[in-house]
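Undergrad: According to our numbering, the sequence shown is numbered sequentially starting from 2.
Some hints could be false.
[Said to hold, decoys possible] Just the calculated beta-carbon pair ranges, DEER-fashion:
hint	residue 1	residue 2	range
1	P77	T10	39 to 49 Å
2	F25	H112	37 to 47 Å
3	G27	T98	40 to 50 Å
4	A12	I65	18 to 28 Å
5	H56	E115	17 to 27 Å
6	D7	G100	15 to 25 Å
7	A26	M69	20 to 30 Å
8	A12	L78	44 to 54 Å
9	K111	K16	51 to 61 Å
10	Q3	I29	31 to 41 Å
11	V103	E81	24 to 34 Å
12	N31	G4	34 to 44 Å
13	A73	V11	19 to 29 Å
14	N31	R70	20 to 30 Å
To be clear, the hints were calculated from the coordinates, so they are not data collected in a lab.
Note that the Cβ used here is the ideal one computed from N, Cα and C, for glycine as well.
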Amino acid sequence: MQGLLDQYTVAGNGKALVAMAGYFAGRIRNVIQRYTIERHWTSLDLQADSLSDFHANTHNPVVIGAQMRYEATGDPLYKEIATFFMDTVNSSHTYATGGTSVSEFWSDPKHLAEALTRD
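Put together the whole structure using the sequences plus the hints.
TA: Written as structure tokens, this is what we have:
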């Protein structure tokens, strides 16, 4: 990577910049696929409670971002996504203590006691 950066900054080689951009785009695609953010967005857009086995600390910021996007753009889709998410978490995934996950992952909706005894 340093060689490509040098080629671009020192030698002015535009191909090096394109190669670096392609590399980082591929890395970002891999992260998105690995952490199933696309699947998370799709389930929220369809208003399906499919939070089971999602990593809570990864997906909470995604929904916060949706709410912020609504506030910045006024696009009602993102308000609907954030509202549905909060309604779902509060009604089906929240323990009496206020926590929502076990070992940072959400369990099956409305089966919280089973998750506690299993884990």
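Undergrad: Each hint needs a verdict: does it hold in this structure or not?
TA: How the hints compare with the structure:
Between P77 and T10 the C-beta distance comes to about 44 Å, which sits within the given range of 39 to 49 Å. A C-beta distance of roughly 40 Å is found between F25 and H112, which places it inside the suggested range of 37 to 47 Å. As the Cβ distance of G27 to T98 is approximately 41 Å, the hint placing it in 40 to 50 Å holds. As the Cβ distance of A12 to I65 is approximately 42 Å, the hint placing it in 18 to 28 Å is violated.
In this structure, H56 and E115 meet the distance hint of 17 to 27 Å, their C-beta atoms being roughly 19 Å apart. Roughly 49 Å separates the CB atoms of D7 and G100, a value that falls outside the hinted 15 to 25 Å. Between A26 and M69 the beta carbons are some 24 Å apart, a value that agrees with the proposed interval 20 to 30 Å. Under the hint 44 to 54 Å, the C-beta atoms of A12 and L78, about 45 Å apart, fit the expected range.
The beta-carbon spacing between K111 and K16, approximately 55 Å, falls within the hinted interval of 51 to 61 Å. Checked against the hint of 31 to 41 Å, the pair Q3 and I29 fails, with Cβ atoms roughly 20 Å apart. At about 28 Å, the CB distance of V103 to E81 agrees with the hint of 24 to 34 Å. The hinted range of 34 to 44 Å is not satisfied by N31 and G4, whose Cβ atoms lie roughly 22 Å apart.
For A73 and V11, the hinted distance range of 19 to 29 Å is not satisfied, since their beta carbons lie about 38 Å from each other. The hint said 20 to 30 Å for the Cβ distance between N31 and R70, and at roughly 23 Å that hint holds.
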